[in-house]
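Student: According to my numbering, numbering within the sequence shown proceeds without interruption in unit steps and concludes at 196.
Hint data in this document are derived by calculation from the structure and do not stem from the laboratory. Computed from a prediction, not measured in an experiment: that's the story for all the values here. Backbone N, C-alpha and C define an ideal beta-carbon position, used for all residues, glycine too. A hint or two may mislead.
Here are the computed distance ranges between Cβ atoms for each label pair [as the list claims (entries may be wrong)]:
| hint | residue 1 | residue 2 | range |
| --- | --- | --- | --- |
| 1 | S165 | S111 | 36 to 46 angstroms |
| 2 | D185 | D108 | 49 to 59 angstroms |
| 3 | E182 | D26 | 22 to 32 angstroms |
| 4 | S111 | R196 | 43 to 53 angstroms |
| 5 | Q168 | P19 | 20 to 30 angstroms |
| 6 | R54 | I190 | 40 to 50 angstroms |
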Amino acid sequence: MTIEEGVRLGDSLRPSNLPLTTTVIDKSGGAYPTEDWEATYFSTSRQGTLTAHRVTVRMPAGLAEVCPPIRIGQPGCIYAVRRWGFALRPSVLEAVGFDPSLFLAAEDDASLLRAMLHAATFELPGEFVIASPEHPFRLVAPDGRLRGSSMAWRTYLGALSFFVSGGQVDASFLRLWAEAPESYDQAVDICLTALR
Numbered sequence: 001m002t003i004e005e006g007v008r009l010g011d012s013l014r015p016s017n018l019p020l021t022t023t024v025i026d027k028s029g030g031a032y033p034t035e036d037w038e039a040t041y042f043s044t045s046r047q048g049t050l051t052a053h054r055v056t057v058r059m060p061a062g063l064a065e066v067c068p069p070i071r072i073g074q075p076g077c078i079y080a081v082r083r084w085g086f087a088l089r090p091s092v093l094e095a096v097g098f099d100p101s102l103f104l105a106a107e108d109d110a111s112l113l114r115a116m117l118h119a120a121t122f123e124l125p126g127e128f129v130i131a132s133p134e135h136p137f138r139l140v141a142p143d144g145r146l147r148g149s150s151m152a153w154r155t156y157l158g159a160l161s162f163f164v165s166g167g168q169v170d171a172s173f174l175r176l177w178a179e180a181p182e183s184y185d186q187a188v189d190i191c192l193t194a195l196r
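Turn these sequences into a full structure, and let the hints guide you.
Tutor: Following this line, the structure appears as structure tokens:
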């Protein structure tokens, strides 16, 4: 069984389905107005290659008005970063009056929840998106101001160890990075050697 075969679609460690060449993410399908935000982040490949990314994310219109500017390290409108991408806080969609019933055939609770989660989650290109103090995730509004960030997901070592262990090791290694940087660097080297 491969890592991907053992991971359900909704899992935080499932891979992204987007091609690495993707530069614009638009999940609206034209069903609601959007505004262009910019996500900058790093991902790690199965071979240990670290890649910087900059993509345009078409977010539901009005988010820039309800997501205040922040400093790096503050989450702002970001709920979480995951291997496959990131999720917004559902409360920010509610704050702009986002109404998923406008593009649903059925308005039962389960459909409304799925539609809200669909609008709040964004897949990003990259085999394993990371977000740490060393490689922060940033989300910038159309006005160029930081409105979301994360440094609390997985470090470079976290992604490497996941690949080396065949998905058995799921750890951030944030504390090791902060408190024992030499040991962290040694562990990165060991993982890179194992992957190559």
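Student: In this structure, is the beta-carbon distance linking E182 and D26 contained in 22 to 32 angstroms?
Tutor: violated (44 angstroms)
Student: Starting from the hint 43 to 53 angstroms, judge whether the C-beta atoms of S111 and R196 obey it.
Tutor: holds (47 angstroms)
Student: Verify the CB-CB distance for D185 and D108 against the hinted window 49 to 59 angstroms.
Tutor: Since D185 and D108 have Cβ atoms about 52 angstroms apart, the given range 49 to 59 angstroms holds.
Student: Evaluate the given range 40 to 50 angstroms for the C-beta pair formed by R54 and I190.
Tutor: violated (30 angstroms)
Student: Does the Cβ pair Q168, P19 satisfy 20 to 30 angstroms?
Tutor: holds (28 angstroms)
Student: Per the hint of 36 to 46 angstroms, is the separation of the Cβ atoms of S165 and S111 within bounds?
Tutor: Given a distance of about 38 angstroms, which is inside 36 to 46 angstroms, the answer is holds.
The structure fails to meet hints 3 and 6 from the earlier list, while all remaining hints are met.
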